[in-house]
Amino acid sequence: MAAFARLRVYVGAQPIPENGRWLLVRNDTSAKIKYALSNAPAQTSMLELVRVSGARWPIERCFQEDKSELGLDHQ
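Residue -3 in our numbering sits at position 16 of the sequence shown; the count goes up by one each step and never skips.
These are calculated hints, taken from the structure and not from any lab test.
Where hints are given, some of them may not hold.
Unchecked claim - Simulated restraints, written as ranges between beta carbons of each label pair:
| id | residue 1 | residue 2 | range |
| --- | --- | --- | --- |
| 1 | 4 | 39 | 36 to 44 Å |
| 2 | -7 | 43 | 20 to 28 Å |
| 3 | -3 | 53 | 38 to 46 Å |
| 4 | 47 | 13 | 21 to 29 Å |
| 5 | 23 | 49 | 32 to 40 Å |
| 6 | 52 | -8 | 34 to 42 Å |
| 7 | -5 | 51 | 40 to 48 Å |
| 8 | 29 | 52 | 33 to 41 Å |
| 9 | 51 | 26 | 36 to 44 Å |
| 10 | 52 | -4 | 43 to 51 Å |
| 11 | 32 | -7 | 37 to 45 Å |
| 12 | 26 | 47 | 27 to 35 Å |
Every residue, glycine too, gets a C-beta built ideally from N, C-alpha and C.
Throw the hints in and build the complete structure from the sequences for me.
Printed below as a string of structure tokens:
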């Protein structure tokens, strides 16, 4: 099982709500640390952030595999 942490960060010079993002950090079972930046509202629950991020990783892997099979990963 992976462990998650989140931190509210600001991408602009001013710490105003419009600049707020969630930095979601994931430490998986192989001790690999992954992170994502989310523009979800400040009131978004940790459970919701984890649920949505969990759907993101398999989708990205599918894109990588498809690019590889089609030869699009070569420059």
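Problem - Assessment of proposed distance window 20 to 28 Å (beta carbons of residue -7, residue 43) - result: The hinted range 20 to 28 Å is violated for residue -7 and residue 43, with Cβ atoms some 33 Å apart.
Practice task
State, for the Cβ atoms of residue 23 and residue 49, whether the hinted interval 32 to 40 Å holds or is violated.
Solution key: holds, 38 Å
Problem - Distance restraint evaluation - residue 47, residue 13, Cβ atoms, bounds 21 to 29 Å - result: At roughly 22 Å between Cβ atoms, residue 13 and residue 47 fall inside 21 to 29 Å, so the hint holds.
Exercise for the section: Given the range 33 to 41 Å, decide if the beta-carbon distance of residue 29 to residue 52 lies inside it. Expected result: holds, 37 Å
Handout entry: residue 47 and residue 26 - C-beta distance against the hinted 27 to 35 Å
Key = Given about 32 Å between the Cβ atoms, the range holds.
Exercise for the section: Go ahead and decide if the range 34 to 42 Å is satisfied by the Cβ distance of residue 52 to residue -8. Expected result: About 35 Å separates the Cβ atoms of residue 52 and residue -8, which means 34 to 42 Å holds.
Problem - Whether the CB-CB distance between residue 4 and residue 39 falls inside 36 to 44 Å - result: Given about 21 Å between the Cβ atoms, the range is violated.
Exercise for the section: Go ahead and decide if the range 38 to 46 Å is satisfied by the Cβ distance of residue -3 to residue 53. Expected result: For residue 53 against residue -3, whose Cβ atoms are near 40 Å apart, the range 38 to 46 Å holds.
Practice task
Starting from the range 36 to 44 Å, see whether the pair residue 51 and residue 26 falls in it by beta-carbon distance.
Solution key: For residue 26 against residue 51, whose Cβ atoms are near 38 Å apart, the range 36 to 44 Å holds.
Exercise for the section: Could you see if the CB distance from residue -5 to residue 51 stays within 40 to 48 Å? Expected result: holds, 43 Å
Handout entry: Distance restraint hint 43 to 51 Å, applied to the beta-carbon atoms of residue 52 and residue -4
Key = Given a distance of about 45 Å, which is inside 43 to 51 Å, the answer is holds.
Practice task
Starting from the hint 37 to 45 Å, judge whether the C-beta atoms of residue 32 and residue -7 obey it.
Solution key: violated, 27 Å
This entry does not satisfy hints 1, 2, 11, going by the numbered hints stated previously.
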